[in-house]
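S.K.: Turn these sequences into a full structure, and let the hints steer you where they fit.
Those sequence lines, one after another, are chains A and B. Each residue of the first sequence is one higher than the last, beginning at 0 in numbering that gives the first Met the number 0. Each residue of the second sequence is one higher than the last, beginning at 0 in numbering that gives the first Met the number 0.
These aren't lab readings, by the way, just hints derived from the structure by calculation. Some hints here could point you the wrong way.
Identical copies carry no separate label here, and so any pair may be met within one copy or between two of them.
What the hints assert, rightly or not - Listed below are the simulated DSSO-like cross-link pairs for lysine-lysine, each with C-alpha atoms no more than 30 Å apart in a straight line:
| id | residue 1 | residue 2 |
| --- | --- | --- |
| 1 | K239 | K307 |
| 2 | K26 | K123 |
| 3 | K11 | K308 |
| 4 | K120 | K308 |
| 5 | K120 | K160 |
| 6 | K241 | K81 |
| 7 | K9 | K308 |
| 8 | K224 | K89 |
| 9 | K296 | K9 |
| 10 | K225 | K124 |
| 11 | K310 | K99 |
| 12 | K104 | K56 |
| 13 | K124 | K233 |
| 14 | K123 | K308 |
| 15 | K296 | K307 |
| 16 | K241 | K124 |
| 17 | K233 | K308 |
| 18 | K160 | K307 |
| 19 | K123 | K233 |
| 20 | K26 | K241 |
| 21 | K120 | K297 |
| 22 | K123 | K160 |
| 23 | K308 | K62 |
Number of protein chains: 2
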Amino acid sequence: MGNRITDLLKIKYPVIQGGMVWCSGWKLASAVSNNGGLGLLGAGSMTPDVLREHITKCRAATKQPFGVNVPLIYQEIDGIMKVIIEEGVKIVFSSAGNPKTWTGKLKDSGITVVHVVSSSKFAKKAEDAGVDAVVAEGFEAGGHNGREETGTFALIPQVRKAVSLPLIAAGGIGTGEGILAAMSLGADGVQMGTRFALSEESSASVEFKRLCITLNEGDTLLSLKKLSPARLIKNELFNKIKELEDRGADADELLELLGRGRTRTGMFDGDLVNGELEIGQITSLIREIEPVETIMKKTVSEFNNALKKLKSTDGW
Amino acid sequence: MGNRITDLLKIKYPVIQGGMVWCSGWKLASAVSNNGGLGLLGAGSMTPDVLREHITKCRAATKQPFGVNVPLIYQEIDGIMKVIIEEGVKIVFSSAGNPKTWTGKLKDSGITVVHVVSSSKFAKKAEDAGVDAVVAEGFEAGGHNGREETGTFALIPQVRKAVSLPLIAAGGIGTGEGILAAMSLGADGVQMGTRFALSEESSASVEFKRLCITLNEGDTLLSLKKLSPARLIKNELFNKIKELEDRGADADELLELLGRGRTRTGMFDGDLVNGELEIGQITSLIREIEPVETIMKKTVSEFNNALKKLKSTDGW
Numbered sequence: 000m001g002n003r004i005t006d007l008l009k010i011k012y013p014v015i016q017g018g019m020v021w022c023s024g025w026k027l028a029s030a031v032s033n034n035g036g037l038g039l040l041g042a043g044s045m046t047p048d049v050l051r052e053h054i055t056k057c058r059a060a061t062k063q064p065f066g067v068n069v070p071l072i073y074q075e076i077d078g079i080m081k082v083i084i085e086e087g088v089k090i091v092f093s094s095a096g097n098p099k100t101w102t103g104k105l106k107d108s109g110i111t112v113v114h115v116v117s118s119s120k121f122a123k124k125a126e127d128a129g130v131d132a133v134v135a136e137g138f139e140a141g142g143h144n145g146r147e148e149t150g151t152f153a154l155i156p157q158v159r160k161a162v163s164l165p166l167i168a169a170g171g172i173g174t175g176e177g178i179l180a181a182m183s184l185g186a187d188g189v190q191m192g193t194r195f196a197l198s199e200e201s202s203a204s205v206e207f208k209r210l211c212i213t214l215n216e217g218d219t220l221l222s223l224k225k226l227s228p229a230r231l232i233k234n235e236l237f238n239k240i241k242e243l244e245d246r247g248a249d250a251d252e253l254l255e256l257l258g259r260g261r262t263r264t265g266m267f268d269g270d271l272v273n274g275e276l277e278i279g280q281i282t283s284l285i286r287e288i289e290p291v292e293t294i295m296k297k298t299v300s301e302f303n304n305a306l307k308k309l310k311s312t313d314g315w
Numbered sequence: 000m001g002n003r004i005t006d007l008l009k010i011k012y013p014v015i016q017g018g019m020v021w022c023s024g025w026k027l028a029s030a031v032s033n034n035g036g037l038g039l040l041g042a043g044s045m046t047p048d049v050l051r052e053h054i055t056k057c058r059a060a061t062k063q064p065f066g067v068n069v070p071l072i073y074q075e076i077d078g079i080m081k082v083i084i085e086e087g088v089k090i091v092f093s094s095a096g097n098p099k100t101w102t103g104k105l106k107d108s109g110i111t112v113v114h115v116v117s118s119s120k121f122a123k124k125a126e127d128a129g130v131d132a133v134v135a136e137g138f139e140a141g142g143h144n145g146r147e148e149t150g151t152f153a154l155i156p157q158v159r160k161a162v163s164l165p166l167i168a169a170g171g172i173g174t175g176e177g178i179l180a181a182m183s184l185g186a187d188g189v190q191m192g193t194r195f196a197l198s199e200e201s202s203a204s205v206e207f208k209r210l211c212i213t214l215n216e217g218d219t220l221l222s223l224k225k226l227s228p229a230r231l232i233k234n235e236l237f238n239k240i241k242e243l244e245d246r247g248a249d250a251d252e253l254l255e256l257l258g259r260g261r262t263r264t265g266m267f268d269g270d271l272v273n274g275e276l277e278i279g280q281i282t283s284l285i286r287e288i289e290p291v292e293t294i295m296k297k298t299v300s301e302f303n304n305a306l307k308k309l310k311s312t313d314g315w
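M.R.: Written as structure tokens, this is what we have:
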């Protein structure tokens, strides 16, 4: 078909798998790339050495393009970027930080750079920094989230108006119908996190995945706003956080409760009580853990059916 | 064209004007109905006598169908419903309360009943109560809002799956592209509040409207979660509320700060400092105060253009 996103990333479908912490290793990324989307390794939960291993294994598992998601505020960012450049990775999705710092260096190494934003203001900054495309991610998304709390329905047209870059919509999208809706709002492609986090190939613990496919609307909420806002499942840890927040606790108290490594505890080790469990709102629509091949086939078929239905709609 | 919403409500376009407090008098409702949508009077800020006056004037100003929005938790609900039935109103949109209490009585009087919900659970309850259609309103919407905080992108497919009723999408929709996106997700029509609140015919104060068309993403936030969550503009009153909330104030303290009549003060009287200012996230996309006729013409043309564009899209 060919659009600005498939052309830029040299992929078949404009469907990107979000590079999520504890979910997005080489198995997931290569499966998505092998099925016509773009797989992303999630460097946010990897040391530089572990990332190198995943890049090597991903390359062995697919001949198709794949990339790495890098949260720019990550402590070991220099080591991560060194590995990415040394290993000849062709695509980087950066997030959570200033795109000015790394975009130039990455592009000098021939890397396509896409930056994740939560507002049109940040989209413009990313455009100024020279990125090749932006992901506009709305409030529905799991994990870290913008302070503006702009939902995907309001965010996409706003970013579309603000920048001329290829635009990838994210947040609340987990079906082919969602992709068509995002395109109606002006997106060229989509990033789906939650849908792929709950695939068989995702490296998240099976306990975490099994919990997610039983969740209903309202079972996740944006939390930790005095630190860095994140969408969490309402488990026991969430309730403890909420109790502190409700009585006016400050950032220090929240940090003390959280300690370190809570997302690993929850999502990777499968401690559903004490772990920090990050997933998007669209989890309430996903009721099965399926292989990526099935997910991609269903998504393509949903998209085609929804498009066909719209094509038979009369204009006003 | 004819779809389940236009057939049910006997209107030309499946576009409903949200029945908002302090914005939705007979001038706005009749203008929307005269231009092919469905106008709604907002009973939430009217006494029964004032509502009767607006119904009379609206009927004099349009031969097209119009309706009344009624928040079911309203103190004077009995008086409001009495006026609606006596005046022979044909369409009621109910919200904020249990649809079981009134749906049967209204339908016995030959009234079409549509209920506003924020989740698929409440949509099912509305279906059980016998309503004719539901409005599913997402987190992006202005004013009162669901505790689940589900964004429109995640909400619409969830409600579509849960009920077979005609479905009207709301929250973050203010353009023809947004309408097409909502339809892609399974909606039969849309309700737009913010877009019409900022029209010339809206009874909101010009000060309020002028402020809204300068707002950017993040300039509204969901607030008052310990009372009843509402999306407010970040003005001085909002900052005072936030200060209380940040230090853990309880519902009583918040009620004491708010006092009574704050939405009237802000939205109708135009006190932008001390008033409670309710508007949806899509306000950041609206940069002009226009007559309803222009808004409807633009919306229809945006919808047709977006549909034409999608029709030229290849399937995958």
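S.K.: Hint by hint, say whether it matches the structure.
M.R.: How the hints compare with the structure:
1. Neither within a single protomer nor between protomers do K239 and K307 lie at most 30 Å apart by alpha-carbon distance, with minima of 48 Å and 51 Å respectively.
2. For the homomeric pair K26 and K123, neither the shortest alpha-carbon distance inside one copy (34 Å) nor that between copies (39 Å) is at most 30 Å.
3. Taking identical chains as interchangeable, the C-alpha atoms of K11 and K308 lie at most 30 Å apart whether they share a chain (22 Å) or sit on different chains (20 Å).
4. Proximity of K120 to K308 under the C-alpha cut-off of 30 Å is restricted to the inter-copy arrangement: shortest distance 27 Å between copies versus 35 Å within a copy.
5. Within a single copy, K120 and K160 get their C-alpha atoms as close as 11 Å, which meets the 30 Å cut-off; across copies the closest is 35 Å, which misses it.
6. Proximity of K241 and K81 under a CA criterion of 30 Å is satisfied in neither setting, with 39 Å inside one chain copy and 43 Å between copies.
7. With identical chains, the CA atoms of K9 and K308 are at most 30 Å apart both within one copy (28 Å) and between copies (23 Å).
8. For the homomeric pair K224 and K89, neither the shortest alpha-carbon distance inside one copy (34 Å) nor that between copies (45 Å) is at most 30 Å.
9. Proximity of K296 to K9 under the C-alpha cut-off of 30 Å is restricted to the intra-copy arrangement: shortest distance 19 Å within a copy versus 39 Å between copies.
10. For a Cα distance limit of 30 Å, the shortest separation of K225 from K124 inside one copy, 24 Å, qualifies, whereas the shortest one across copies, 36 Å, does not.
11. Taking identical chains as interchangeable, the C-alpha atoms of K310 and K99 are never at most 30 Å apart, the minima being 42 Å within one chain and 38 Å between chains.
12. In this assembly of identical chains, the alpha carbons of K104 and K56 lie at most 30 Å apart only when taken from the same copy (25 Å versus 66 Å across copies).
13. In the homo-oligomer, the alpha carbons of K124 and K233 lie at most 30 Å apart only across protomers (24 Å), although the nearest pairing inside one protomer, at 34 Å, exceeds that limit.
14. Proximity of K123 and K308 under a CA criterion of 30 Å is satisfied inter-copy only: 25 Å between copies versus 35 Å inside one chain copy.
15. Within a single copy, K296 and K307 get their C-alpha atoms as close as 16 Å, and across copies as close as 26 Å, so both meet the 30 Å cut-off.
16. In the homo-oligomer, the alpha carbons of K241 and K124 lie at most 30 Å apart only across protomers (29 Å), although the nearest pairing inside one protomer, at 33 Å, exceeds that limit.
17. Taking the shortest alpha-carbon separations for K233 and K308, neither the intra-copy value of 37 Å nor the inter-copy value of 41 Å comes in at or below 30 Å.
18. Taking CA atoms no more than 30 Å apart as the test, K160 paired with K307 passes in both settings, with 27 Å inside one copy and 19 Å between copies.
19. Taking CA atoms no more than 30 Å apart as the test, K123 paired with K233 passes between copies only; the shortest distance there is 23 Å, against 34 Å inside one copy.
20. In this assembly of identical chains, K26 and K241 lie within 30 Å of each other by CA distance neither inside one copy nor across copies; the values are 35 Å within and 45 Å between.
21. In this assembly of identical chains, the alpha carbons of K120 and K297 lie at most 30 Å apart only when taken from different copies (26 Å versus 35 Å within one copy).
22. Taking the shortest alpha-carbon separations for K123 and K160, only the intra-copy value of 10 Å comes in at or below 30 Å, while the best inter-copy value is 37 Å.
23. Neither within a single protomer nor between protomers do K308 and K62 lie at most 30 Å apart by alpha-carbon distance, with minima of 35 Å and 33 Å respectively.
Against the hints set out earlier in the document, violations occur for numbers 1, 2, 6, 8, 11, 17, 20, 23.
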